[in-house]
Amino acid sequence: MSKKGKLKVKSRRYTFGSQILKFEKKCFDWVSAGSVVTDVDDGYEVTDTKIRHNHHIVKRIYFRRPYEYSKNFLFSLTEFLSNIVSFFRVLALNLLILAVIGAIVLMVVASDQINIGMIIGIFAGVYGGLIALSFIFAGLGYLWRKVFQLREKTDKKLVENGYVAWSDYEDDDSTQYDYA
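Under this note's numbering, think of the first position of the sequence shown as 327, with each following residue one higher.
Simulated from the structure, these hints should not be mistaken for laboratory data. Some hints here could point you the wrong way.
Stated by the list, open to error - With beta-carbon atoms standing in for the labels, derived distance ranges:
#1 PHE349 with GLY428: 25 to 33 Å
#2 ASN409 with LYS332: 15 to 23 Å
#3 GLU394 with VAL372: 53 to 61 Å
#4 ALA450 with PHE413: 15 to 23 Å
#5 TYR393 with GLY443: 43 to 51 Å
#6 VAL452 with VAL485: 39 to 47 Å
#7 ILE448 with GLU394: 43 to 51 Å
#8 VAL426 with ASP365: 41 to 49 Å
#9 GLY488 with ILE446: 19 to 27 Å
#10 ASN487 with ILE430: 35 to 43 Å
#11 HIS382 with ALA450: 21 to 29 Å
#12 GLU486 with VAL366: 40 to 48 Å
Glycine residues also receive a C-beta, built at the ideal position from the N, C-alpha and C atoms.
Model the full structure from these sequences, guided by the hints.
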């Protein structure tokens with residue numbers, strides 16, 4: 327029986343949209359290796375009238391791929407650009423939520439002076455464009471992976487070195503790892 331090769335594990339923080347993130351990574355042949363949701367304790371805030379316990383939630387998702395994964399220039403460049411767009415998409419989603427909250431406050435305070443719909447439209451347009459770019463780069467990554475047969479080259483390299491082919495690894499979310 328062959329042994330499994332060493333895997334590179336990457337993690338990403340996210341707020342919402344883990345399905346888009348999983349799709350992006352899958353197109354670049356990363357396999358989901360589970361996720362961890364952590365409740366981070368920020369301590370207590372004491373005022374004259376009350377004591378408040380502060381905390382926040384951190385969501386992190388993990389992906390794995392062999393260290394020996396075959397690559398070429400176009401695939402690597404596309405993956406790099408996809409990671410940049412993905413980072414800004416997550417950031418824009420957080421800003422979009424803040425923009426909606428700010429727009430609601432502005433509607434209450436100064437509804438006749440500011441066009442709230444335009445502000446929300448701009449943020450929504452930017453976020454929609456980032457989602458579109460995410461899908462375009464993911465599609466290009468999948469295309470380069472198929473055209474240049476990167477998985478097949480990786481499988482061949484792993485088998486030649488006495489390891490299990492990457493295609494034979496389990497592709498499911500049920501494998502949980504202890505990343506603490």
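Hints, verified against the model:
1. PHE349 with GLY428: 25 to 33 Å: About 30 Å separates the Cβ atoms of PHE349 and GLY428, which means 25 to 33 Å holds.
2. ASN409 with LYS332: 15 to 23 Å: At roughly 22 Å between Cβ atoms, LYS332 and ASN409 fall inside 15 to 23 Å, so the hint holds.
3. GLU394 with VAL372: 53 to 61 Å: 54 Å, holds
4. ALA450 with PHE413: 15 to 23 Å: 19 Å, holds
5. TYR393 with GLY443: 43 to 51 Å: For GLY443 against TYR393, whose Cβ atoms are near 50 Å apart, the range 43 to 51 Å holds.
6. VAL452 with VAL485: 39 to 47 Å: At 45 Å between Cβs, range holds.
7. ILE448 with GLU394: 43 to 51 Å: Taking Cβ atoms as reference, ILE448 and GLU394 lie about 45 Å apart, which means the hint holds.
8. VAL426 with ASP365: 41 to 49 Å: 25 Å, violated
9. GLY488 with ILE446: 19 to 27 Å: 57 Å, violated
10. ASN487 with ILE430: 35 to 43 Å: 58 Å, violated
11. HIS382 with ALA450: 21 to 29 Å: 25 Å, holds
12. GLU486 with VAL366: 40 to 48 Å: 45 Å, holds
Figure legend: structure checked against the earlier numbered hints; hints not met, in rising order: 8, 9 and 10.
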